[in-house]
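Protein chains in written order, with full-length UniProt numbering: chain Y, 1 to 76; chain C, 1 to 552.
Keep in mind the hints are simulated off the structure, nothing from the lab.
Treat the hints with care, since some could be wrong.
[Claimed, not checked] Partner residues aside, some chain C positions facing chain Y, computed with beta carbon under 8 Å: (1) G69; (2) I122; (3) L205; (4) M467; (5) A472; (6) A473.
[What the hints assert, rightly or not] Label-pair restraints from in silico Cβ distances: (7) C:Y440 - Y:Y9: 28 to 36 Å; (8) C:P494 - Y:E27: 43 to 51 Å; (9) Y:M33 - C:P346: 53 to 61 Å; (10) C:N85 - Y:H56: 44 to 52 Å; (11) Y:E27 - C:G356: 50 to 58 Å.
Here a beta-carbon is modelled for each residue, glycine too, at the ideal position from N, C-alpha and C.
As a plain string of letters, each chain reads:
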Amino acid sequence: MDLQRVKEYFSWLYYQYQIISCCAVLEPWERSMFNTILLTIFAMVVYTAYVFIPIHIRLAWEFFSKICGYHSTISN
Amino acid sequence: MANPGGGTVCNGSLHNHKKQSNGSQSRNCTKNGIVKEAQQNGKLHVYDKRIVESFEEAPLHVMVFTYMGYGIGTLFGYLRDFLRNWGIEKCNAAVERDEQKDFVPLYQDFENFYKRNLYMRIRDNWNRPICSAPGPRFDMMERVSDDYNWTFRFTGRIIKDVINMGSYNFLGLAAKDNEYLMTVKDVLEKYGPGVASTRHEMGTLDKHKELEDLVAKFLGVEAAMVFGMGFATNSMNIPALVGKGCLILSDELNHTSVVLGARLSGATIRTFKHNNIQNLEKLLRDAVIYGQPRTHRAWKKILILVEGIYSMEGSIVHLPQIIALKKKYKAYLYIDEAHSIGSLGPTGRGVTEFFGIDPGEVDVYMGTFTKSFGAAGGYLAGRKDLVDYLRAYSHSAVYATSMSPPIAEQIIRSMKLIMGLDGTTKGLQRVQQLAKNTRYFRQRLREMGFIIYGNENSSIVPLLLYMPGKVAAFARHLLEKKIGVVVVGFPATPLAEARARFCVSAAHTREMLDTVLEALDEMGDLLQLKYSRHRKSVHPKLYNETSFELKD
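Work out the full structure, taking the sequences as your base and the hints as a guide.
Structure representation (structure tokens):
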């Protein structure tokens, strides 16, 4: 029963996406083209986030800790 | 066509205006929205209605999504136009001939782009043919499209008993009604349907004279003149009233017929913001002080053009203030009561009765018989010398065929019904039923959380949809549930404010309205249309906690 509700909820969400982005009034081939482009962009965003965000956070952490460490060495 | 006063609910808007307008109506005093006009002509006019109008603004995410939707539609429009231009796709739209390809392009402006790429996709929601009288329920012909709305074909089936929320049938007089239509049938048999002449030649019938006397009596004015077509009444008669050297001040949301008539007349036109009395006063002052543009001579005439109820907003004109302004600055007032005649006021006499104003205060009354009377045509009414002048100088009287006799008889019998001259109170009951239905419908929609525009007494209820995808989905789903609604988008409304417009009728029963409201509730949840901030909670409290006392 829960699975049914979840499926209904997702199909309702997909319907909302279709209405808001005008996919509901586009022809099927336009719809698939739009969905493909959107999914491609989304996949690229996710991949970039997965690859680069940990490195960026680590670099930022090092940068800030170096400044604080510099301060602490000065104050000593 | 900007959204006026966005975000404000005008409770007693007269009171608000008084605060800002520094004695512009120095003879009025306001007190919590109650206006008393000072003694004029020995009569004390007391206007004690609070105008409750609201034009709520949508939340920000809705506007963002609306523009995003239009943006995606435009991008795909460019793509399709490219494909059509390069011959990859067959072009079904109008295109110039090969010999004319080097001429100035005909179909490249925004209107044509919009029509080809955005309107065409959802075109099946408009121009739907019906095949019965437009009563509270009607029959619709079913049609399908095989090539995405470029062409339609009829399947031959008829969708029966669709609830009619779109026809301008305010008093329910547009239904087929065998008992009451006896007089219309007799007149049809006696006079025939056609008149075959203009008013000036052989086209003035005794039916027209009877109708004109009745219209004058109904409105409480000296004389009236009727014309065969409502649109032509405005567009052909305003040129007869004003000309070059005159000034027209018209509301920015006036109907196309009024705008066309104003442009045809050759007068200078200045528009004021919708129902905005300060703006109108500023324009009047500038007109009186500075005169005509280059010569600074006085204007020959200043005519203010307003409507009783505006058909896309559902707002009612602020008549008492406009009348005060027109008296102060000596301007003339022309009011187009197409939607408000028969539907406003305790006995249906229109917007002057609604506000309790003496009918002699407005100079020119115009109205149509299409909406509340179930016929066709329009009238112009006012003082006798005005109407006599129009009989001679109106374009419509000289060149247009006069009103058909069975239609004149239909208007006569409807008007007699509303006035009570047939001896019953059925007409008055219809007017009161319309007011009840209007208030109920609007109140329920507001409680559900939809954004509704307009005055709480106007029977035109625009429900805002905003996004183009939702417009199409709304109309299609409601037709599946056998409810016929009219949805309106650009260019009749501003681009981002697409809406569904309901016309409440006296012929709707409580059950029909409840069916419609239930369907709207469901649609609102399915399509997420309940944008209003003033939504009542879903589970109202049944008792007041603080006053609940335990009894030992």
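Status of the hints after comparison with the structure:
1. G69: OK, holds: C:G69 within 8 Å of chain Y, min 5 Å.
2. I122: At about 5 Å, which falls below the 8 Å cut-off, the nearest Cβ of chain Y leaves the hint on C:I122 intact, so it holds.
3. L205: With a closest approach of 50 Å, the C:L205 hint is violated.
4. M467: 6 Å, holds
5. A472: 5 Å, holds
6. A473: 5 Å, holds
7. C:Y440 - Y:Y9: 28 to 36 Å: For C:Y440 and Y:Y9 the Cβ distance comes to about 34 Å; the hint holds.
8. C:P494 - Y:E27: 43 to 51 Å: Taking Cβ atoms as reference, C:P494 and Y:E27 lie about 28 Å apart, which means the hint is violated.
9. Y:M33 - C:P346: 53 to 61 Å: With Cβ atoms ~59 Å apart, the hint holds.
10. C:N85 - Y:H56: 44 to 52 Å: At roughly 45 Å between Cβ atoms, Y:H56 and C:N85 fall inside 44 to 52 Å, so the hint holds.
11. Y:E27 - C:G356: 50 to 58 Å: The hinted range 50 to 58 Å holds for Y:E27 and C:G356, with Cβ atoms some 56 Å apart.
In summary, the numbered hints that this structure violates are 3, 8.
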